[in-house]
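J.: Sequence:
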Amino acid sequence: MFEEFQTLLAKVSYNPYSDALISVGDIVARGPHSGSMDVLAFMASNNITAVRGNHDQKVIEWRTWLEWIHSLPGGTDWLFQIQERWAKAQEHGADDVEEWVEEQVRHDKKYSKWWKKIPEGWQLFGDHYRIAEEMTHEQYLYMVQRPVQIHVPHAHTFIAHAGILASDPNYKPGHKRQPLSHIPTLYEADTRKEDTLILRRLQELAILKEVPQNLIPWVTLNMRGILDDHTVTRKKDGTPWAERYKKDMKRCAGFNSKKKGTLPCHPSTVIYGHAASRGLDINRWTIGLDSGCVRTYIFSLESRLSYPSRLLGVQPTHDSPCARCKGRSEVTWHHR
Numbered sequence: 001m002f003e004e005f006q007t008l009l010a011k012v013s014y015n016p017y018s019d020a021l022i023s024v025g026d027i028v029a030r031g032p033h034s035g036s037m038d039v040l041a042f043m044a045s046n047n048i049t050a051v052r053g054n055h056d057q058k059v060i061e062w063r064t065w066l067e068w069i070h071s072l073p074g075g076t077d078w079l080f081q082i083q084e085r086w087a088k089a090q091e092h093g094a095d096d097v098e099e100w101v102e103e104q105v106r107h108d109k110k111y112s113k114w115w116k117k118i119p120e121g122w123q124l125f126g127d128h129y130r131i132a133e134e135m136t137h138e139q140y141l142y143m144v145q146r147p148v149q150i151h152v153p154h155a156h157t158f159i160a161h162a163g164i165l166a167s168d169p170n171y172k173p174g175h176k177r178q179p180l181s182h183i184p185t186l187y188e189a190d191t192r193k194e195d196t197l198i199l200r201r202l203q204e205l206a207i208l209k210e211v212p213q214n215l216i217p218w219v220t221l222n223m224r225g226i227l228d229d230h231t232v233t234r235k236k237d238g239t240p241w242a243e244r245y246k247k248d249m250k251r252c253a254g255f256n257s258k259k260k261g262t263l264p265c266h267p268s269t270v271i272y273g274h275a276a277s278r279g280l281d282i283n284r285w286t287i288g289l290d291s292g293c294v295r296t297y298i299f300s301l302e303s304r305l306s307y308p309s310r311l312l313g314v315q316p317t318h319d320s321p322c323a324r325c326k327g328r329s330e331v332t333w334h335h336r
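In terms of the UniProt record's numbering, the sequence shown has 273 at position 273, counting the first letter as 1, and numbering is strictly consecutive.
Just so you know, these hints were derived from the structure itself, not from any lab.
From the three backbone atoms N, C-alpha and C, an ideal C-beta is built for every residue, glycine too.
It is possible that some hints are incorrect.
[Claimed, not checked] Here are the computed distance ranges between Cβ atoms for each label pair: (1) Thr-49 x Thr-231: 38 to 44 Å; (2) Ile-282 x Tyr-171: 45 to 51 Å; (3) His-154 x Lys-113: 49 to 55 Å; (4) Glu-67 x Lys-235: 31 to 37 Å; (5) Asp-96 x Glu-133: 35 to 41 Å; (6) Thr-64 x Ile-282: 33 to 39 Å.
[As the list claims (entries may be wrong)] Computed cross-link-like contacts, EDC-like style, restricted to lysine to aspartate or glutamate with a CA-CA straight-line distance of at most 16 Å: (7) Lys-172 x Asp-229; (8) Lys-246 x Glu-138; (9) Lys-176 x Glu-210; (10) Lys-113 x Glu-102; (11) Lys-247 x Glu-120; (12) Lys-116 x Glu-98; (13) Lys-172 x Glu-210.
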């Protein structure tokens, strides 16, 4: 995994002094454990820009939980004891940690209060737990500091792991609550061109701040579709959020348009990962990079973000995680 990642960077002549390498999240827990640790070490030591993915979030939660348990009297001893027990259970053929934990919860009276501290649905000793336990404090801080969204104003682009909504599904596109339904108030500017740039920035910020779903971290980490009742889902049900986003962008006709059925806005682009089942998904206003493997995409950044000029792949090795389509996505921007 890590070797393929480094090969890709070399193949595109990545230069950390002139290029911006941006990850769309899930830099860990998407392949072999050793690969996750190597990628995390590279990302953290080089302070690579990234948005947080849903798997990154699980690792952050486990590490925070571990630090909390260690801070409690007796917590460190309990963790040591159960790790020893699980290791012995594995020696005797146990391979289902969830089943083993359930048995411990039922019969371990001595540590009953501690078992109750494991949040429901969390998998003890799974890959997320192991990464959380093994990573350094500096790597933990790096992950915690990753935002759930990045706005690139001069490229009129949003970057989020799962996606961004341009409008609230609970209201019609032209409703006054929608940020694209009206022109932001502008009190002063020097030129008409500057007016447009400032208005676009204000409207893009309004998308992040006024569409309620975009204020919920779970949504930008997990969203895949919109159900008929207008709620967001992480499942494959409903309408893919990117389809709704595309419809919103098609309605944008500029701030001076009076055409019926259009909106006073300019389009913006969303770059995302998360949707491996859809594969590489390049559309006019949404760019889905999760191809199910480690990929690097080259973009030309001039006055705006263009489409990928080329896709560079690396032939997976025999034992590569790419063989089973588990990976992460990165974007490399080359300034030309």
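J.: Would you mind marking each hint as holding or not holding in the structure?
T.: Now the hints, each set against the structure:
1. Range check, Thr-49 to Thr-231: Cβ separation about 31 Å, and the 38 to 44 Å hint is violated.
2. Distance hint for Ile-282 and Tyr-171: a CB-CB separation of about 29 Å, inconsistent with the stated range 45 to 51 Å.
3. The hint said 49 to 55 Å for the Cβ distance between His-154 and Lys-113, and at roughly 54 Å that hint holds.
4. At roughly 32 Å, the beta-carbon separation of Glu-67 and Lys-235 lies within the given 31 to 37 Å, and the hint holds.
5. Taking the beta carbon of each, Asp-96 and Glu-133 are about 20 Å apart, not inside 35 to 41 Å as hinted.
6. In this structure the supplied range 33 to 39 Å holds for Thr-64 paired with Ile-282, their Cβ-Cβ distance being about 36 Å.
7. For the hint linking Lys-172 to Asp-229, the alpha-carbon distance of about 13 Å falls within 16 Å, and the restraint holds.
8. Note on Lys-246 and Glu-138: the hinted pairing is violated, with a Cα-Cα distance of about 39 Å set against a maximum of 16 Å.
9. Taken as a hint, the Lys-176 and Glu-210 pair is honoured in the structure, with Cα atoms around 11 Å apart against an allowance of 16 Å.
10. The suggested pairing of Lys-113 with Glu-102 holds, with an alpha-carbon distance near 14 Å, which does not exceed 16 Å.
11. Straight-line distance between C-alpha atoms of Lys-247 and Glu-120 comes to about 38 Å, which puts the hinted pair past the 16 Å bound.
12. Restraint check for Lys-116 and Glu-98: the C-alpha separation of about 14 Å stays at or below 16 Å, so the hint holds.
13. Between Lys-172 and Glu-210 the alpha-carbon distance is near 15 Å, which keeps this suggested pair within the 16 Å criterion.
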